[in-house]
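2 protein chains.
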Amino acid sequence: MSNKWYLKDGGNLDGIVLSTRIRLARNLAGTPFPNRITPEGQREINHKVRDALINGNSAVSSDFTYFELDKLSAARRGAMLERHIISPELAAAQGVKALLLSSDESVSIMLGEEDHIRIQVLSQGEDLQDAFSLAQKLDILLDSELHFAFDERLGYLTECPTNLGTGLRASLMLHLPAIERLGAVERLAASVAKIGLTIRGTFGEGSGITGSLYQLSNQVTLGISEESAIENLKAIAGQIIAQEQSLREKADRLELEDTVFRSLGILRNARLLNSEEMTEALSNLRMGVSQKILRVPVSLINKLLYEGGSASLRTENETLENPRERDKRRAELARTLFAQV
Amino acid sequence: MSNKWYLKDGGNLDGIVLSTRIRLARNLAGTPFPNRITPEGQREINHKVRDALINGNSAVSSDFTYFELDKLSAARRGAMLERHIISPELAAAQGVKALLLSSDESVSIMLGEEDHIRIQVLSQGEDLQDAFSLAQKLDILLDSELHFAFDERLGYLTECPTNLGTGLRASLMLHLPAIERLGAVERLAASVAKIGLTIRGTFGEGSGITGSLYQLSNQVTLGISEESAIENLKAIAGQIIAQEQSLREKADRLELEDTVFRSLGILRNARLLNSEEMTEALSNLRMGVSQKILRVPVSLINKLLYEGGSASLRTENETLENPRERDKRRAELARTLFAQV
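Sequence order for the protein chains is U and D. Its first residue numbered 1, the first sequence is counted upward by one per residue in this note's numbering. Its first residue numbered 1, the second sequence is counted upward by one per residue in this note's numbering.
Next comes chain U alone, as it looks inside the complex (with noise of 0.2 Å):
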């Protein structure tokens, strides 16, 4: 098994922001759209796509798996979601949906979501341009063999007009527990949606906000170009960042540290422990890491957010449909992970 995306090290990947999200919305040309196109229609695409892909004479497209989702287990669609390599509507796996994996799960082509195709491209750390690369290179090689619904004047064609245009979403996952702590998230929210970007709240199991993390996107992507979505999602995202280092750095440093090491005790010592809890320390283990508190390779706080999940657990064997059981292996699994720590 190849390595996962999320488990390299090094370069600047311990800051504040955990991850780039890349996502364009395609749709075939002269083909009804997934909300009217017929089970068989949307089969042959996903076969279409496939073949483009796999067969393309490119080396991309290698290292990929083609999965039909309704052939995958509940408990792994349910990992998928919760690694965000796929959609909650594939995940639902309600009619003909197909997905194209890499071996390091960074890169999803999602087949018969709301549109046809749906490229999506996962990296750590801010890495928007690489990730728009990455995700643009796939969609010329499959445009060149499929070619999309593209209008001169509007763009790229997709079922949500929200999407029309570029079909770009571009987003950061950002750790904001400075700001969130401040209580300044929601006019934080109401400032950047003046600026055609918004932020919510992520990785909860519930309707709360687990860890501090939150997802910060374009939503225009009508008359800009892919290049300017970006630039400002960086440049806003640039401003968050510096006003999160700054409360973190006037906060009680001794109250920083405190918090770090209890989450580093929690971690190391728990018998049971849920995924809420979970991700609420490996959070606060990755504000100590990033300011320096204490050194933790970034690799394996991911490794246990990513794979401690309860999704991702219930995958590994039956007995973990238990709750409780599975608040058991977690526990057992940080206690590994972190022992050296």
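Take these hints with a grain of salt, some might be off.
It does not matter which identical chain is meant; a pair holds if it fits inside one copy or across any two.
Claimed, not checked - Subject to a maximum C-alpha distance of 25 Å in a straight line, what follows is the list of computed PhoX-like cross-link-like pairs (lysine-lysine):
#, residue 1, residue 2
1, 48, 234
2, 328, 292
3, 250, 137
4, 71, 4
5, 250, 328
6, 234, 194
7, 71, 194
8, 250, 292
9, 4, 137
10, 328, 234
11, 137, 8
The set of hints was computed from the structure by calculation and includes no laboratory data.
With chain U's structure known, arrange chain D on it following the hints.
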């Protein structure tokens, strides 16, 4: 500095009974009782007792130190109160109050308390017989020199009628997390009250009960021998201990382990630790030792419990008047003590 009484290890010191306390109330014959005595009169008694003990030709009298309470700092008095060496009345240091304290802090003879003389013996675990024997030895020694107020029919005469007779208060400090968790303490208190005992929460800084620690004491002093009072107390304590033990064994082992190890994690990782949380964590650790979940010398648990209290820390240096500095110092102490556990 000789080892303090609470720093012993071994035997059955790690069980449900933390400590034993014996207290004898005595007054001198032919002398006004403390609430009617002149300051000079009390001072004279204090000196008489001091001389009788320290000049007494007895092995037990060898290592006592004499303190006049009004000459001790408030911090020092607070620390003595916190460690149960003196009563709140003595700690307040109104009037002519003095103390004879053994170097291991296990024996304190309070002078000018509610009664002229209160002999107190503290000991680890269940040690009623030996603690009583030691108190009795001191009682006989002092009585032979000073002549205590005694009535053939009533027994020892005391300021408060509730102490009349034996003047004995025998107590056991019990750790009852399982009974407490069941919400059964109130019922227990009602049932022991019917047979002349009392049980009440202790060790809390506020009104709350911290660390599930409860003191079980005899109430009846009239018309009962010391031996019977102690036997009763021991028998009832035995029943309570059996109930606590049975509940602990019925408890979810994994949850118990989770609680115990998380507490260890807090002690080893916190950078700010208040006394309630410390007491709670130490109690959990104690339960872990008693239930064979982990091995920690009881002396280590007691060292932090007795020396990490707010008042004790305050005697270390002036900066520890500040609660935050105390929480910081307490956390350092905990990390140092439990680093190798």
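Subject >> Hint numbers not upheld by this structure, sorted from lowest to highest >> reply: Checked against the structure, the hints that fail are numbers 1, 3, 7 and 10, while the rest are satisfied.
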